[in-house]
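Asks: Chain A is fixed; fit chains B and C onto it per the hints.
Each chain is listed here by its residues.
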Amino acid sequence: MVNVDEIFSVLEEKFGATKESKDKWTVTAIVPAAYLHNAVQFLRDESAIKFEMLVDIAGVDYLTYPNHEGPRFAVDYAFKSMSTPGARIRLKVQVPEADLNVPTLTDLYANANWYEREVFDQFGIVFTGHPDLRRLLNHVEFVGHPLRKDYPAQKRQWLSTNDYLLPALEKRLEVLGYRVVQRSKEVETVDNEFLEGSIKE
Amino acid sequence: MIVLDHRGKRQSLMPLNVGPSHPATHGCLRFLTAMDGETIVASVEEIGYLHRGFEKMVERGTWQQVVPYTDRLNYCSAIMNNIAYCRAVENMFGVEITERCKVLRVIVNELSRINDHFVCVAAAFQDLGGTTPFMYAFNPREEIMCIWEKLTGARLTNSYSRIGGLARDSYDGFEQDVLAALDSTEKALKDLHACLDRNRIFLDRTVGIGKISAEKAISYGWTGPCLRACGVASDLRKDEPYYDYETYDWEVVVGTQGDCNDRLQVRLAEIEESMKIVRQALKRLTPGPIDIVDPRIRVPSHKLAYQDMEGLIGRFKSVYEGIRVPEGEYYCGSECANGELGFTIVSDGSGHPYRIKVRPPCLTQFAAFHELVEGGQLADSMAVLSGLNIIAGELDR
Amino acid sequence: MTDVAEKPNFITSSLDFLVNWGRTNSLWPFPYGTACCAIEFMSTEVGRYDLSRIGSEYVRFTPRQSDVLLVSGTITYKQAPILKRIYEQMAEPRWVIAMGACACSGGFYDCYCTVPGIDHIIPVDVYIGGCPSRPEAFFDAMFDLQKKIKDESYMKQRTERVKEQLEMIKAKTAEAKEEAREFAHEKVAEFKELVAEKEKEFVEQTQFWKR
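Residue numbers (the working numbering), protein chains in the order written: chain A, 1 to 201; chain B, 1 to 397; chain C, 1 to 211.
Next up, chain A with everything else stripped away, as it sits in the complex (with noise of 0.2 Å):
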């Protein structure tokens, strides 16, 4: 019966894994950035226990946190096995403020898609490779990361016209094989900035 502390010690020695000492409770691996993809691939169709479920993608921001070293964001990805049912394992990947770039799992599990827009949301970091990285929980005129710990809880932002959502469904459209001709008549409009989301070129 294999276990997950011998599953991370085969990330250990193909991925450059470390153990995550903070974690007293559950195996988790910090995995560094460019290995993760090819980590998340490996744990889902190659290794001993299958782990097929992408439970949840969290971000934290260590700005406050006492007696810290090390990169001010990480990502935190959790993963279930369903074949074994009861194997969990963690994946963490630090991220330094001067480079908030990850790649995406959106290719390997269905969910990241969202869960990423959410981790981009609230604290600002860029999934490279997602296909519509866009604003999950806030509204499209929201400016800044608000869970970032020097974002003041209490700071209001109003909101005066909802997402229009056109040119995502445009794209959505373009990924099922079709291709938009001609806009709608309703959104001809020259105010091309007021159609984006919140990602302007």
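Rather than coming from a laboratory, the hints here were simulated on the basis of the structure. Among these hints, one or two may not hold up.
Simulated restraints on C-beta separations [said to hold, decoys possible]: (1) A:Thr64 <-> B:Glu310: 28 to 36 Å; (2) C:Ser52 <-> B:Ala180: 24 to 32 Å; (3) C:Ser52 <-> B:Glu310: 56 to 64 Å.
Here the structure is a predicted model, which is why all the values come from computation and not from measurement. Cβ coordinates follow ideal geometry from the N, Cα and C atoms, glycine included.
Replies: Only chains B and C this time, still in chain A's reference frame:
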């Protein structure tokens, strides 16, 4: 808008916004569809209309002050969220709660699950047009909410469990009230099954609609009744048992096709399994303490605080500074009504939480919504949406 | 006619009574429910706490067919423009009930995303406290609203509206008259000029010896 499909044929699609203010979207979901006549060709969803900043709010209080915020996550079954959070923190401490507390927590857990499933089923049928099952399903809810009122003081958002125990013990007559509520539940279930099992309209509108395969559901991270309806027998109460769930005699309800009908029928069958568990748990209820005796975790009672110096100090420190959860990072998931509700907790050893991330079960289900509705008709999207049981409090936090 | 209608009398007060009686006993709510209070509202609609016994027979999820906008649940900044739009789309007479702590004041969510009370966006008639508000509190609020409506005077509103419209018409006619007068003045001046010119020409023509 004019599009060319993959064969080069011109099609004229109409963008239709099913906005947040709509009877079936529960006021907080929005999706924009591209329609070809009555068929949905593409759809994109938008959430965040009830984003209340749970994760930012919990950082400014103490660990015990998080419990009312967790109530309002899945407000239809509020106590389950409290228990899920308290369980996560108790695991970080490494303590084992008392026997009576375990049994009581199981009873209130399953009663909350019954409540939640009734709301989902009732709202689903109302969205499909039937108001009668809505009325039938809310009757046992009233009885259970009266029990909550007597037990905890509030009808809906109770904040009943505490880290290390419960807020207060059960009252005299609790067992009789629960048994009466279970009788009412049985009657309502019978009525609901009579309304729906062979109802032509209901079957036509839900069988074969919104099908999803088990592999896709797992890739999207579905858990709970929606995943079990796809045929995957995954239930945290059996896979990673807690509170002696493996010692009760009950079964995991599994569907076959993964369509809308299966999701609703799985919920109705889960109500029966929950009733079984509650009946067995009531027999196990023996007198005893409900709180663990450790002033570093569970605040000393009023009696001790007013009589004993250590009790007073313990109470003061616990309330003002918060309990000191050991430093570290931990993820713990519990089986709530919609699926696996998980908490990723980062603690810095002080009395205030450093970071608590909630893993909502409905986020994964709504993320797959476009897969379920594309290719179907607009009316089917309503059936699908209500069968997924999206609770916006949990989805947006 | 307007003079008679301006002074309150037996006819206007009877009409008021009838209109208010109709309105108070058939308040159809539009449950703009976002969060937990919406679930308590659902409990109020059915079975034990039956809402239709006070006249709210069925809830209408469209602003055009309902009288009372019942905001139950937290309103976030993302939701705010939609709430405003729905309120603007409702037809008169309309009232607003803010149900629950979150709708009245933001509740205990004092953070970057919640509107601290819907009265920042729309005018509110009745506030209900509670988190979530009990069904009994909701009934109390409906009775308060009915009392408020009974004190309204439809005929007074109507006369005020008629007065407003009359003033508007008077103002417009005055403006038009002004314009016409100016135009007329201009035209008269023009004609006078023309006549003077023609006269001069004529005089010049006849007094050929002066050329």
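Asks: Work down the list of hints and note, for each, if the structure agrees.
Replies: Hint-by-hint comparison with the structure:
no. : hint                             : in the structure
1   : A:Thr64 <-> B:Glu310: 28 to 36 Å : holds (32 Å)
2   : C:Ser52 <-> B:Ala180: 24 to 32 Å : holds (27 Å)
3   : C:Ser52 <-> B:Glu310: 56 to 64 Å : holds (58 Å)
This entry satisfies every hint, going by the numbered hints stated previously.
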